[in-house]
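Enquirer: Protein chains in written order, with the numbering used here: chain C, 4 to 511; chain F, 4 to 511.
Note that these hints are calculated values from the structure, not bench results. Hints may contain errors.
Just so you know, same-sequence chains aren't split out, so a pair can sit in one copy or run between any two.
[What the hints assert, rightly or not] In silico SDA-like pairs for lysine to any residue, Cα to Cα no more than 25 Å straight-line: (1) K487 to N208; (2) K400 to E65; (3) K217 to L235; (4) K68 to D375; (5) K508 to P454; (6) K508 to D106; (7) K217 to Q194; (8) K337 to Y495; (9) K311 to S426; (10) K29 to K318; (11) K29 to H213; (12) K68 to N417; (13) K105 to N502; (14) K332 to D375; (15) K342 to E268; (16) K318 to N102; (17) K311 to I23; (18) K36 to P123; (19) K340 to G326; (20) K318 to E498.
Given next are the chains, with one letter for each unit.
2 protein chains.
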Amino acid sequence: MSKTFTAKNPATGQSVGAEILEWDQKQTIAAIKAAANAKQKLSATTPTQRAAVLNAIADAIEAEKDNLAQTANLETALPLPRLSGEVMRTVIQIRSFANLVKDGGHLLPIIDLADPNFLPVARPDLRKSQQSLGVVAVFAASNFPLAFSVAGGDSASALAAGCPVIVKAHPSHPNTSQIVYEAVIKGLTSQGLPKELFAIIQGENPEITHWLAKAPEVNAIGFTGSAMVGKLLISLSQERSVPIPVYAEMGSLNPVFFTPTALSEKADELAKAAIDSALLGSGQFCTKPGIIIVPNDDNGDKFISQVKEYVAQQKVAPLLNKGIATRFKDAISKLSKSKGLEIISSIGNSDGYGVTANIFVTDWSDVKNHEDLLEEHFGPTSVIIRTPFDEYLKVAKSMQGQLTAAIHAGADENVKDLVDQLSQIAGRVIWNGFPTAVSVTAAQNHGGQWPASSTHTTSVGLDALYRFVRPVVYQNFPDNKLPKELQNANPYGIERVINSERSKKAIN
Amino acid sequence: MSKTFTAKNPATGQSVGAEILEWDQKQTIAAIKAAANAKQKLSATTPTQRAAVLNAIADAIEAEKDNLAQTANLETALPLPRLSGEVMRTVIQIRSFANLVKDGGHLLPIIDLADPNFLPVARPDLRKSQQSLGVVAVFAASNFPLAFSVAGGDSASALAAGCPVIVKAHPSHPNTSQIVYEAVIKGLTSQGLPKELFAIIQGENPEITHWLAKAPEVNAIGFTGSAMVGKLLISLSQERSVPIPVYAEMGSLNPVFFTPTALSEKADELAKAAIDSALLGSGQFCTKPGIIIVPNDDNGDKFISQVKEYVAQQKVAPLLNKGIATRFKDAISKLSKSKGLEIISSIGNSDGYGVTANIFVTDWSDVKNHEDLLEEHFGPTSVIIRTPFDEYLKVAKSMQGQLTAAIHAGADENVKDLVDQLSQIAGRVIWNGFPTAVSVTAAQNHGGQWPASSTHTTSVGLDALYRFVRPVVYQNFPDNKLPKELQNANPYGIERVINSERSKKAIN
């Protein structure tokens, strides 16, 4: 463990925080094996105990709120209020999983009692519930140093499901990661659980990804990041002797459609709101509106002229790390040379990993002439596409899978076909709003058709838990040999489906 | 469409039934495109309409019950009573899906109303339900010419989910397939739906598999069959520009463990029951007990000697087709030459695709010396493994994923560790019973860890439907632009989760 690295402050490009020891393969494998050996300690907890563990972790993270926000601010250059809010989002989403599991609802017990008259043949006693998958490898994202990082949505949902977690910490914020790691361990051990149930792998070595994805003891992967790494993980999983599910959220263009009617009343206001959404967090959200569709009429002209005025006033913060800044600058520089593409730029910002905002404007018929224009570019940019309103459906039909799609229209406008098409490609469809800001709640869905996501599951909200469980049914088992949630007495007092009826009662 | 083929009667090896036209690529692609174009006709049906369609299909199949059983008997050599029962299983499972969808329960509506006080930030109105995936390609199995074939569990669950279905009919029973196809079309069209929503592709050409798996309009695959074809489908899916879920059920060894205590009272009875299960349907079930573990003590001796006596009396029916018969004979012949492997055989049967039953007996320590012994061999064979009881856990830990695992033990015996281990590898764990016979019910789970299944889902029972839907959430939508199941008035009158509470009420 001789190699080390340091975080860089994006505002200055200078090293910040402690020297971080780089994990080697042997240590990584040992951490995975230790987690696998300890897994029953977590999976065997009762709903009440599981909830207590999650709440203890949430409390321990909340106790570090200021320390975390300050450390993350130095490592990411994201503003302090945003980071304080993100600590609380992280804490609250862990608590919401605690709330879900404390009633055992996540076990989804379904009991069909033996029935000699069942057709076409007699039915045995069948009792099914959801069991923990095993060790989950989580790949932390750079753009949410808390909510999608060490103890973010993937880790929280996996722990809630009863799975040990090994996180590949993001090398852009290793000090933040270490603080969160220590808080998680404090929470786990305060409830009598072994610290081996949770680990972070620190390092810049790209091989870490391979070690985790190939380890036989890893049973599932949760990933938020680029399409390139997401596809690598899927491919590594398929090469294993036992393939595992890869829940990869790989980003999105999040189209926002404005009808002429929507713009006719408040083109100015909507233009500002669209740019605010596109430049929020320096455009480093997977829900950033990367395509904005406006009509090529007077309303559209008004929208564009307001965009010009507003973008000119914007100062954006530095990007998260050197890699993102370099890729962004390269992409913008390449597109800037693309003939006939209009560019709206903000005032310069070149401190550390600073960049300017660049909004491109083009006609739908001209998109094909600009290579890479409709690729996801992480950073303060978006593409405004102009086309007649009656072409919107065609534009929507040409699109790949998206995390979100938004439409701004009049209340009485008939946009059914467009909404239907958007619901075919996106996991979340938004009316008269913008895709940034993702509520962590039961109804949420953060996932879309390929290539936005690798599966039809959500990585945000309570349903994220179900990625990390699998059904097991017990046939004709003696009561005392069944998992507790399936026993006659219903010792957990949870809601179960018994012969197709919901009930919290015991079986007599 | 000049090429044709015919079914073969396994009892004689002779052609039976009509000349079947072999589909070519152009016809196949046209059928897929037609299904994709018609998909909204099915996905837009109300719960009541969807249920009526399924019931009409079930009725139309039931009306052909005798015709189907007789035709399938000629094409498969499976006994008539089994086939009549299988028609009814097919019919009843379609009706059970009708029953599920008629209440809209499968839409799983979750509504979180806007909440300005939600933490950490105000929550918009979010309403999520499950939407149809699109066209599903189903690969029919040879061993269930009805229940896992043209209108079997995969097709029924996909149609119930609102997905058009294209079935690769199994060339072993094309006439049976055609009758079922016509019944499905009768059911669909009787409810005013276009026949393009359902098609069967007939043929022996292995390219059909590739055409289906590669078609851009196909959104998911349901498969029951060999590991070889299952793995091919997964690999073809990953090569697509848009990968799709492949729900492959690829078979299993279904270990059955007998403790000394279980055998001490009734070794004879259990030996007969185990052999009955292994030879049922000539051993052509994916739930056939392919490994039987007995102790190497007096009880085990008693079990084996009863097996010898009982197997000698067995006559098994011919296998389903020439390919299965040939592969079975080759495997048995190869194993028969393996030194020191005890073989218990039945009386000869060589009509048509007839084979003898062959049960192998070996010691656990000797298994490694017999290549392919622990592969799944479709046909009347099983492997009895003898080892001390205190080695059972070790044996279980060495096993791959299984559809089922069974344990016969005394009521007061402590076999917790063994049960826990079996629940780690199998989707269904059976107490003092045998794996053959799979109830079609809500609590059922027919799927296990890799390589038994490609995903953690079930292909039997009501939950099979959820393989063919995906969540979509609507944010801040005007009520009249929401899917009906999410509208305030709850026009379908279905149960919904509103702000975490179950309710059938409207929202005021």
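Enquirer: Now tell me, hint by hint, if it's right for this structure.
Expert: Structure-based check of each hint:
no. : hint         : in the structure
1   : K487 to N208 : neither (44 Å within a copy, 50 Å between copies)
2   : K400 to E65  : neither (45 Å within a copy, 41 Å between copies)
3   : K217 to L235 : both (12 Å within a copy, 21 Å between copies)
4   : K68 to D375  : neither (40 Å within a copy, 58 Å between copies)
5   : K508 to P454 : neither (44 Å within a copy, 38 Å between copies)
6   : K508 to D106 : both (14 Å within a copy, 23 Å between copies)
7   : K217 to Q194 : neither (31 Å within a copy, 51 Å between copies)
8   : K337 to Y495 : neither (60 Å within a copy, 53 Å between copies)
9   : K311 to S426 : neither (31 Å within a copy, 62 Å between copies)
10  : K29 to K318  : neither (45 Å within a copy, 57 Å between copies)
11  : K29 to H213  : within (13 Å within a copy, 42 Å between copies)
12  : K68 to N417  : neither (47 Å within a copy, 48 Å between copies)
13  : K105 to N502 : both (24 Å within a copy, 17 Å between copies)
14  : K332 to D375 : within (14 Å within a copy, 57 Å between copies)
15  : K342 to E268 : neither (33 Å within a copy, 87 Å between copies)
16  : K318 to N102 : neither (41 Å within a copy, 59 Å between copies)
17  : K311 to I23  : neither (44 Å within a copy, 67 Å between copies)
18  : K36 to P123  : neither (47 Å within a copy, 36 Å between copies)
19  : K340 to G326 : within (22 Å within a copy, 62 Å between copies)
20  : K318 to E498 : neither (53 Å within a copy, 49 Å between copies)
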